[in-house]
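As given, the protein sequences belong to chains P and U, one line each in that order. Sequence positions in the first sequence follow the working numbering and run 1060 to 1360. Sequence positions in the second sequence follow the working numbering and run 1110 to 1234.
These are calculated hints, taken from the structure and not from any lab test. Watch out, some of these pointers could steer you wrong.
Claimed, not checked - Derived CB-CB ranges, DEER-like:
1) U/R1171 x P/Y1178: 47 to 55 Å
2) U/R1171 x P/Q1307: 54 to 62 Å
3) U/T1177 x P/T1122: 31 to 39 Å
4) U/R1171 x P/P1104: 27 to 35 Å
5) U/R1171 x P/T1122: 51 to 59 Å
6) U/K1178 x P/I1272: 29 to 37 Å
Since the model is a prediction, treat every value here as computed from it, not as a measurement. All C-beta atoms, glycine included, are put in the ideal place defined by N, C-alpha and C.
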Amino acid sequence: MPDFFSMTFVLAVFYAVLASQVYILSVHYPRKISARVAYMLDNFPPAEYPKLYPNFHAGYVETQHLKMRVYSVINYVIALVGIGILAAMISSDYRPAAKGGDEIFVMLYFFLQTIPLLYISWKEHCQYRLMRLTFDDKKRVADLARRGLFDYVSPVYVAVALMLYGGWLVFYLYQAGPIAVWEAKHYITFGTITGMNIFYSVTIFAFVSGKKIDPYKAPKDQQRHAESVIKVMVFSSIMISIFLALTQAADEYAFEIFDPVVTSFYMQLCVVFGLGLMMRILDVEEINFDVYRESKELTAS
Amino acid sequence: MQIQINIDDPVPQFAQLITQIKNAVQEGKLSPGDALPSIRQLANDLGLNNKTVAKAYSLLERDSVIQTKGYRGTYIHANAKENAAFDLNAWVRNEISNSIKACREAGATDSEIRIAFGDAMQDQF
Chain P
1060 MPDFFSMTFV
1070 LAVFYAVLAS
1080 QVYILSVHYP
1090 RKISARVAYM
1100 LDNFPPAEYP
1110 KLYPNFHAGY
1120 VETQHLKMRV
1130 YSVINYVIAL
1140 VGIGILAAMI
1150 SSDYRPAAKG
1160 GDEIFVMLYF
1170 FLQTIPLLYI
1180 SWKEHCQYRL
1190 MRLTFDDKKR
1200 VADLARRGLF
1210 DYVSPVYVAV
1220 ALMLYGGWLV
1230 FYLYQAGPIA
1240 VWEAKHYITF
1250 GTITGMNIFY
1260 SVTIFAFVSG
1270 KKIDPYKAPK
1280 DQQRHAESVI
1290 KVMVFSSIMI
1300 SIFLALTQAA
1310 DEYAFEIFDP
1320 VVTSFYMQLC
1330 VVFGLGLMMR
1340 ILDVEEINFD
1350 VYRESKELTA
1360 S
Chain U
1110 MQIQINIDDP
1120 VPQFAQLITQ
1130 IKNAVQEGKL
1140 SPGDALPSIR
1150 QLANDLGLNN
1160 KTVAKAYSLL
1170 ERDSVIQTKG
1180 YRGTYIHANA
1190 KENAAFDLNA
1200 WVRNEISNSI
1210 KACREAGATD
1220 SEIRIAFGDA
1230 MQDQF
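Excised from the complex, chain P in its bound form (with noise of 0.2 Å):
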């Protein structure tokens, strides 16, 4: 570790990182998401709004009210849980490991974090399967104006994300050595890497020509649902880039005990500009929810 980084440094910005970790995760977001759920709920009920209930049941608003308060209080086990690790540290005579490993315990502690969102995000995706099955509306309505990329995000991202990547593929080749002699690390970062670019790329293009999840929605709530999972896309790709970045950088340059601190601060980052940013480009008071409503009986043309 370099010199002029004390380790009540190093702790200090480890602890505040860990716990705005513990706070974004499992106390804010969840936050939000319930306050979301509670919303939809309380002001489109599925009485009105049948087609946003697919499979709608006798006491079905009072289950997921109570689905909610699960979730709730799970992230608060959760995030209570995560007080406890920063609280044994402080404590104790806690050091992160001179040549980095400890961030192993920052992701385990984050995929636990993430297992409610994941829960939510599977039965929010078994929703909207449900709504395509039975979406029958004889009715159909689109924009006649052609879309591009650049209507949703900022040509400006898209280039930092092809450069990063490109400049990353570059400097882990340089580094890497020749094929040859690669080890199974290295087949296994290289695949996931650009693999998930490839993966970002197909998705892309899906919502580009026009892909729905949800087959009700009004025109323009299907392109800020498009630009949103666009732009989670290419700054997914961007961030992905600087970490390995920085992860490299730390490795060359013996920064690696702030590796810990750093992959917090990265899995911070996917969330707010992941799941944050999705929540922010679709506001729940900007949807047009009439689209749920019952259809009415067409007049003859």
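Starting from the structure of chain P, add chain U where the hints point.
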């Protein structure tokens, strides 16, 4: 500008698309040079098969209402307003009606006319 398709309408979906685009051109809602969505994009937006939209675009291009410029995409034709006013199907009906009238006046029976029409269609291919 929004386009609406009623999949329960007896009018074929591709015909609904063609009619609405032509009407939009004639009403000035679409101007020469305006970019249209790609076939895939419009098909996804409307929840239709790609082939339905492709057929509509193909017929609109035949009628010189739209123009495809390769990878650059599809645009409203420079003379779309005049071309949209021309109804090719009505012209075909009119030509065939005049031909049938002339054949009847010459004494041909309807059966002979049908057979000759069928043979002529075969000969064209």
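Evaluation of the provided hints:
A beta carbon spacing of about 53 Å between U/R1171 and P/Y1178 agrees with the range 47 to 55 Å that was offered as a hint. The supplied range of 54 to 62 Å is met by U/R1171 and P/Q1307, whose beta-carbon atoms lie about 58 Å from each other. Hint check: U/T1177 to P/T1122, Cβ distance near 52 Å, so the stated range 31 to 39 Å is violated. At about 50 Å, the CB distance of U/R1171 to P/P1104 disagrees with the hint of 27 to 35 Å.
Taken as a hint, the range 51 to 59 Å holds for the pair U/R1171 and P/T1122, whose Cβ atoms sit roughly 56 Å apart. Taking 29 to 37 Å as the suggested C-beta distance range, the pair U/K1178 and P/I1272 conforms, at roughly 31 Å.
The structure fails hints 3 and 4 (numbered hints given earlier, in ascending order).
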